[in-house]
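Can you build the whole structure from these sequences, using the hints too?
Chains as they are written, first to last, in this note's numbering: chain U, 1 to 556; chain Y, 1 to 102.
FYI, nobody ran anything at the bench for these hints, they're computed from the structure. Predicted model, so just to flag it, every value in this text is computed and none were measured. Each residue gets a CB set at the ideal place from its N, CA and C atoms; glycine is no exception. Since no wrong hints were added, every one of them can be taken at face value.
Quick list of in silico lysine to aspartate or glutamate cross-link-like pairs, EDC-like style, CA-CA up to 16 Å:
(1) Lys190/U <-> Glu224/U
(2) Lys80/U <-> Asp354/U
(3) Lys37/U <-> Asp11/Y
(4) Lys80/U <-> Asp100/U
(5) Lys80/U <-> Asp11/Y
(6) Lys478/U <-> Asp62/Y
(7) Lys216/U <-> Asp492/U
(8) Lys37/U <-> Asp57/Y
(9) Lys80/U <-> Glu13/Y
(10) Lys191/U <-> Glu223/U
(11) Lys264/U <-> Glu219/U
Pairwise CB distance ranges (calculated):
(12) Ala44/Y <-> Arg76/U: 39 to 45 Å
(13) Met1/Y <-> Glu257/U: 45 to 51 Å
(14) Ser22/Y <-> Glu30/U: 20 to 26 Å
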Amino acid sequence: MYRYDEFDHDFVKARVAQFRDQVERRLSGELTEDQFKPLRLMNGVYLQLHAYMLRIAIPYGTLSPRQMRMLAHIARTYDKGYGHFTTRQNIQFNWPALSDIPQILEDLASVEMHAIQTSGNCIRNVTADHFAGAAADEVADPRPYAEILRQWSSVHPEFSYLPRKFKIAVTGAERDRAAVQVHDIGLHLKKNEKGELGFSVYVGGGLGRTPMVGKKIREFLPEEDLLSYTTAILRVYNLHGRRDNKYKARIKILVHETGTEELKAQVEKEFEALRNGELQLSDADIAAIQAYFAPPALPARPEGDAALAKAAARDAGFADWLRRNLHTHRNADYAALTISLKGIGEIPGDASADQMDAVAELAERYGNDEIRVTHEQNLVLPHVARADLKAVFDRLVEIGLATANAGLVTDIIACPGLDFCALANARSIPVAQQISTRFGDQKRQEEIGDLKIKISGCINACGHHHVGHIGILGVEKKGAELYQITLGGSGDENTSIGEIIGRGFGPDEIVDAVETLVETYIDHRQGREETFLDAYRRLGPAPFKEALYGREAKAA
Amino acid sequence: MKLLTANRLIDGEVVWLAADGSWVETIEGAEIAHDKDAETRLSAAGLLALANNEVVDVNLIDVEIVDGEIRPIRLRERIRALGPTTHINLGKQARKQTAAFG
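Written as structure tokens, this is what we have:
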């Protein structure tokens, strides 16, 4: 993975010292809250309902064991013994004292981490496929490009005060696991007929109050033009993006109001002026960054499958986990495995300090020193020998992280919601916990099959509800929580925005409503191979509406 | 009926303004404004505390009395008064339990 050079170290150290001074001046009263707020936000410090919250960047979701141990240390020393992994592949601590945050940032800097640009109207953490560098179906590792974008965008003077925040995602496989079409810029790394690497470029995707699927404005952008073209997009946005209305300030609104063709023409014009200039990436530039992401040496371990078959025959729980939580590795002796942070009835994305330490140890012992954070709020060990899977599983059982539910109905994304978040209108996590408990039976959830439920506690959609096969949006109506359901959303290579199915449900009704939807799917599917999403796309909303609202739906 | 609430600057702790002008960590200790004059007085005290860098995010909130106890009208404020409903071992609710069993 990427290692800081001298410049990076000095820069992050200087930022910590600067923020330490700013906090001291705030606490002494020299700075007012109005003066301080933008400064703390630039360093990932929010004020939530119960306390401050610190959001730490995990670039493209890649962590070393050393970094994971530091997160455990922070959880223990300055917070309340746990951290919350987010849908942006980051981690948030919910209880730090403002007076401790400079020291936390100093501790983070010692392991090459920081919280810069995790807030504010700038280019945020660049996200990527969590199986990058491991997946069998990958054309190339997207992380070197994400790292190039990270370096280019860090305190970029021109793009630090954009009309609104800006999110970029990169995938290196046809099967999109990074949800690139719902990002401000989505990049799909691919090869052309000549075998050269480049990107399909999507622009103007996003969720929030105005969900939009990104528009493809380039079928193939040569890799050398990555920064020139991205700069061109950002320039057009920075110039024409709306600053008069916060709710219309994202690039998706500009794309929508300008029209894709016109916007594309503006970008191409800007690009023509920039291309072959100083932003052009040479092969040497790219190779230098790629070297940091060189695949680990994976010795042949052909004994794996026989050992697995034997172990699985003896241990049904292990067999379940093998069935659900493995992803095909490019090396047949290895697997990428998902460590579910979705224990049945538990809080999506939470991990205790002890669990973080244990995962770090597993990564060191069996995982080639690599850990990933997924936008679905799970962890991944990307390179584990199949022969070692039983040992890893046994340890995961001991620490309570062996739930065999990756991609199933209980593998729910949920934003922090009204339990923590100052923006939320309704709770998300308790709804996720109740749905998880209702469908917790392993046999039942496997019978249901692949099903993504995503829950947001307000219209800002941190829980990605628009792209949930079943999406749930919590709102406040007459002082009470109400949950609206959308169906048919998807955040993959066939991205779609879910459609609102009808009137909302109270907190005591929402789990039953989800169960009704699931049962309706089971009744109507053409077989187990037809997933919930496929069935919805074939059937449309009618049978689901009928099941939820009965006569009411017919009358309407 | 209204209370004045805020978060303490140094650590973000949820606090309410008490009758003696101090900021207290439990809602039971808050001064209740029963009329407009009292609300105005609380608001003025809040602005002063903000200017003095004691607290941030100062708000007047609606409450009612239920079974002799102060209950904020909005769920958001009830959660602030107790802690996250998902982590009952954290926040003010946890301290209450500790106190009750201690």
